[in-house]
Every structure is written in structure tokens, then in C-alpha cells.
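Number of protein chains: 2
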Amino acid sequence: MKTLKIIKIGGNIIDNDFVLDDFLKHFSSLEGPKILVHGGGKLATKLAHQMGVKVNMIDGRRITDAATLDIITMVYAGKINKSIIAKLQSQQCNAVGFSGADGNTIVSVKRPVKDIDFGSVGDVQKVNTETTNLLLAGNVTPVFCAITHDANGQLLNTNADTIASELAIGFAELYHTELYYCFEKSGVLKDINAEDSVIENINSTNYQNLKDQGIIADGMLPKLENCFHAITNKVKKVCIGKPEMLFNSNSKFTTIQD
Amino acid sequence: MKTLKIIKIGGNIIDNDFVLDDFLKHFSSLEGPKILVHGGGKLATKLAHQMGVKVNMIDGRRITDAATLDIITMVYAGKINKSIIAKLQSQQCNAVGFSGADGNTIVSVKRPVKDIDFGSVGDVQKVNTETTNLLLAGNVTPVFCAITHDANGQLLNTNADTIASELAIGFAELYHTELYYCFEKSGVLKDINAEDSVIENINSTNYQNLKDQGIIADGMLPKLENCFHAITNKVKKVCIGKPEMLFNSNSKFTTIQD
Numbered sequence: 059m060k061t062l063k064i065i066k067i068g069g070n071i072i073d074n075d076f077v078l079d080d081f082l083k084h085f086s087s088l089e090g091p092k093i094l095v096h097g098g099g100k101l102a103t104k105l106a107h108q109m110g111v112k113v114n115m116i117d118g119r120r121i122t123d124a125a126t127l128d129i130i131t132m133v134y135a136g137k138i139n140k141s142i143i144a145k146l147q148s149q150q151c152n153a154v155g156f157s158g159a160d161g162n163t164i165v166s167v168k169r170p171v172k173d174i175d176f177g178s179v180g181d182v183q184k185v186n187t188e189t190t191n192l193l194l195a196g197n198v199t200p201v202f203c204a205i206t207h208d209a210n211g212q213l214l215n216t217n218a219d220t221i222a223s224e225l226a227i228g229f230a231e232l233y234h235t236e237l238y239y240c241f242e243k244s245g246v247l248k249d250i251n252a253e254d255s256v257i258e259n260i261n262s263t264n265y266q267n268l269k270d271q272g273i274i275a276d277g278m279l280p281k282l283e284n285c286f287h288a289i290t291n292k293v294k295k296v297c298i299g300k301p302e303m304l305f306n307s308n309s310k311f312t313t314i315q316d
Numbered sequence: 059m060k061t062l063k064i065i066k067i068g069g070n071i072i073d074n075d076f077v078l079d080d081f082l083k084h085f086s087s088l089e090g091p092k093i094l095v096h097g098g099g100k101l102a103t104k105l106a107h108q109m110g111v112k113v114n115m116i117d118g119r120r121i122t123d124a125a126t127l128d129i130i131t132m133v134y135a136g137k138i139n140k141s142i143i144a145k146l147q148s149q150q151c152n153a154v155g156f157s158g159a160d161g162n163t164i165v166s167v168k169r170p171v172k173d174i175d176f177g178s179v180g181d182v183q184k185v186n187t188e189t190t191n192l193l194l195a196g197n198v199t200p201v202f203c204a205i206t207h208d209a210n211g212q213l214l215n216t217n218a219d220t221i222a223s224e225l226a227i228g229f230a231e232l233y234h235t236e237l238y239y240c241f242e243k244s245g246v247l248k249d250i251n252a253e254d255s256v257i258e259n260i261n262s263t264n265y266q267n268l269k270d271q272g273i274i275a276d277g278m279l280p281k282l283e284n285c286f287h288a289i290t291n292k293v294k295k296v297c298i299g300k301p302e303m304l305f306n307s308n309s310k311f312t313t314i315q316d
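From first to last, the protein sequence lines stand for chains A and B.
Using my numbering, the first residue of the first sequence is number 59, and each one after it goes up by one.
Using my numbering, the first residue of the second sequence is number 59, and each one after it goes up by one.
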């Protein structure tokens with residue numbers, strides 16, 4: 059089996075043109091099949107303000123009403139995705155942009171309403187690898203934005219970390235999949251203010267300890283849940299760190315183990 | 059050689075949800091390889107107003123400054139394209155959205171400044187069929203929005219009629235290509251107010267007459283130029299009319315001949 063790298067980048071890379079260009083230059087030079095997944099950064103919120111659309115956040119999660127879904131679709135699948143594609147092409151990396159609707163690749167269900175109605179937010183139900191794999195086999199790099207669909211014509215807003223882990227799991231039948239979460243820190247840190255305090259390995263045993271001690275908390279919790287979901291579902295390697303972990307063999311990062 | 063249908067739809071279909079749904083239902087049922095090309099309709103202008111971005115038109119052509127290019131990318135490649143893709147998937151038509159940057163499919167050059175600087179507007183230079191054809195061969199339908207790139211990282215606004223004709227010409231080496239321009243009239247009309255006055259055949263001889271008589275004028279001129287460009291460059295069939303021309307063998311429409 060070939061190795062397929064699935065790499066997720068977030069707002070710290072997307073929101074800074076210089077950082078994004080540098081990342082994409084390195085990304086283009088990565089050999090072998092690869093998939094890029096990008097979040098939305100701050101642009102969607104900025105556009106909402108410009109359009110006078112109210113941003114509704116509950117517990118850090120965006121409530122996706124119809125106007126917000128339009129904004130997200132325009133920013134994620136339009137501006138950010140196409141700008142990344144054009145930049146990759148200029149680096150001789152042949153790329154094609156995807157939402158989960160394209161190629162029917164990621165089918166979701168609207169999140170059921172319990173206490174909160176999140177609106178058009180999708181929980182991933184199924185990954186269809188067939189269409190994307192036509193491109194991977196032809197040496198083309200798919201670039202996914204954080205949008206899925208319900209297969210009945212409705213687009214759904216879906217967490218980019220989740221899209222990355224579900225793609226890594228979905229492709230595990232065809233490739234040795236490796237999942238890389240790139241963000242602004244060198245990995246999961248013991249001391250959030252000390253970049254050299256990277257916890258190099260996290261497994262299910264020390265994970266519980268780290269949670270109990272409050273070292274892993276807040277936004278890191280869902281990221282780690284995505285990591286464990288992947289590593290316990292046939293994904294061969296799951297890493298969290300700065301993009302350097304992909305390009306520089308001396309850099310430290312966190313590896314998640316079963 | 060197989061036949062490949064390239065079908066362009068404009069604002070009259072895109073701007074009306076009911077009409078769009080009906081068209082996409084019929085489009086999905088078309089057998090054989092097919093490509094859809096869509097324009098932008100009125101949504102880009104609406105968004106520009108909402109965002110307070112000034113719309114600059116000269117002779118009916120949009121001047122594409124940086125803010126306008128962002129709007130176009132968001133509306134064409136984001137909202138309209140992904141909404142079409144989701145609707146096609148719900149009709150069991152497996153589709154993937156494209157700009158000309160995706161797959162490096164349509165390379166343009168920024169239109170040279172003569173009297174007017176049109177801004178980020180691209181004139182098509184080259185069509186690369188390889189990536190799109192991986193999908194066509196896998197029974198996937200590419201859906202193109204009216205954006206191209208310059209291969210140096212710059213997206214460019216490009217006329218949707220031109221994109222359709224250039225794709226038809228580009229794919230003519232691999233397929234018998236047929237080009238269909240769908241719009242609100244039954245074809246080129248002798249009397250613009252009489253739907254039954256369709257001119258069924260236009261060739262280079264009667265074209266000159268029709269222009270001299272002022273029957274073909276204004277917006278129809280560039281459309282006809284695209285048609286003749288295609289039919290004189292190995293495209294097998296070029297038609298203008300209502301979408302019915304594709305689905306109803308009794309409907310009348312205009313065929314362009316060499």
C-alpha cells in the first residue's frame with residue numbers, strides 16, 4: 059500500500075498570506091499522494107460583519123443559519139479554496155478543490171437538536187473515496203474545505219478537523235494514511251507558554267492523566283478526540299504540531315498512539 | 059470517439075431556484091459524458107451592494123478590481139457552484155466543481171490594457187484536458203464556473219460563454235464535442251418579440267446579412283463570435299436556445315454551421 063498524507067491547516071496559516079505562501083511552497087514539494095484540508099480562519103466572520111449578518115456563537119461554535127451557511131460556502135469553498143488552488147498551481151502542484159458535496163465525497167446528517175439547534179451543521183456519516191481517488195491516482199492533489207452535504211441537496215458546515223480525520227479513516231482501505239494537524243504550537247504542550255514542553259507521545263493511558271491534570275483542555279479536547287478516533291480506526295500515524303513537522307526531521311511534535 | 063456535451067447556462071436559469079432545479083433534474087438524466095458551465099447571474103451584483111463595493115460596468119462589462127474579484131470568486135466558485143453540485147448529487151449525478159485553476163484546466167492572460175483597464179479579467183490562452191478527463195472517464199460530471207487563472211497564482215474573471223467554447227475546442231481532440239448555449243429565448247430570433255421566429259441555421263454567409271440588418275446585435279454578437287470560434291475549431295455541433303433543445307426533440311433552436 060502507498061502512503062497517503064492528509065494535512066489539515068487552520069486559521070493561523072490561512073489568515074496570513076506570507077505564512078500561507080510559505081506553507082504551500084513546502085506542501086507542493088511533498089512527494090507522494092496527499093490531501094490538504096483547510097479551515098476558514100477569520101474571513102467568514104469578517105464577511106458576516108461587512109454584510110451585516112449577525113454571528114451567533116455558543117460555546118465557541120458557530121450557529122449556522124441560512125445566511126451564515128451562504129457566507130461560509132462563499133468564503134471556504136470560494137475565496138479561500140480557489141486562492142489555495144491557484145497558489146498550488148503556481149508551484150506546479152496540480153490541485154483540485156473539493157467540498158464534501160463534490161464527488162459525493164463526504165455525506166453528513168444535520169446535527170440533531172438537543173439543547174441547541176446548531177442549524178446547518180453536519181455530522182459526518184460516510185466517506186466515498188472513489189471520485190477523489192481517480193484524481194490521487196492521476197497525481198492530482200485534492201484540497202478540501204470544511205463543507206459537506208446531506209446527499210439531498212443541502213450543504214452543511216462541518217468542522218475541518220473532523221473532515222481531516224474522517225478522510226484519513228475513509229482512505230485507510232486504499233492507503234496507509236497519515237494524518238497531520240498543523241497549528242501554531244509545536245504540539246500538545248505540558249506548559250502552554252513553553253514551546254519546548256512538547257509531549258511527544260500521547261496514548262489512551264496518559265491521555266486520561268493529561269485531561270485530569272487539565273493539561274489538555276478546551277479546544278484541544280475535540281482535536282484529540284479526532285486524533286484518537288483516527289488512530290483507533292486504521293489510520294497509521296496521527297501527529298499534531300507546526301507545519302515544520304512535515305518538512306524538517308529535527309522538529310518536535312506530538313504523535314498520538316493507540 | 060465518444061460524444062461530449064458542453065452545456066452553458068446563464069442568469070435566467072441560475073437566478074430562479076425553481077427553474078434551476080428543473081434544469082438540473084433534466085441535465086442529470088442526460089446520458090454520456092457532459093460538462094456544465096455556469097455564469098454568475100445577479101448574485102454577484104447583489105453581494106457587492108450588500109458589502110458596499112461599487113460595481114463598475116463599461117459597455118456592459120464588469121471592471122474586475124481586487125474587491126470585485128473576491129466577490130466573484132465567492133459567488134461563482136462558492137455559493138453558485140457548490141449549490142449546483144449539491145443539487146446534482148441529490149439527483150444521483152456525480153459532479154465535481156471546477157474553476158479554471160482546478161486541474162490547471164484553463165490558463166488565461168490578464169486582458170491587456172488598451173483604452174480600458176478591465177482589471178483581473180482573463181483571456182483564455184490554453185485548455186488542459188488531462189485532469190478533467192480523469193473524472194469524465196470515471197463517469198463524473200465537471201461543473202465549471204466562470205473563473206480562470208494565469209498559472210502564476212492569480213485568479214481571473216472570464217466570460218462563461220468563452221469558457222464553454224474553449225472547453226469544447228480543447229476537448230475536441232478526445233471527443234466529438236457538442237456545445238449548447240442555453241438562454242431565455244428559443245434561439246436567435248428574426249423578431250426579438252416572436253418566439254416562433256427562430257432562425258434555425260446560421261452560417262458564415264447569412265451571419266453577415268443578419269448583422270447588416272441589425273437582427274444580430276448587442277449581446278448576441280459576442281455569443282455568436284464564440285459559436286463561430288468553436289464550429290471552425292473542430293467542435294461538431296453548436297446550438298443556441300432554451301434548455302428544452304437538449305431534452306425535447308420537437309423544440310426549435312438555432313444551429314451554427316461553418
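Hints listed in this document are in silico derivations from the structure and should not be mistaken for laboratory results.
It cannot be assumed that every hint is accurate.
Intra- or inter-copy, both count: the list cannot distinguish identical chains.
As the list claims (entries may be wrong) - Below, simulated DSS-like cross-link-like pairs (lysine-lysine); rule was C-alpha separation at most 30 Å, straight line:
(1) 83 x 168
(2) 104 x 168
(3) 310 x 83
(4) 100 x 248
(5) 243 x 100
Right, here's what the structure says about each hint:
1. 83 x 168: between (36 Å within a copy, 24 Å between copies)
2. 104 x 168: Answer is both: 25 Å inside a copy and 29 Å across each meet the 30 Å cutoff.
3. 310 x 83: Classified as within: same-chain Cα gap 21 Å, cross-chain 52 Å, threshold 30 Å.
4. 100 x 248: Cα proximity of residue 100 and residue 248: one copy only (27 Å, versus 53 Å across).
5. 243 x 100: Answer is within; shortest intra-copy Cα gap is 18 Å, inter-copy 43 Å.
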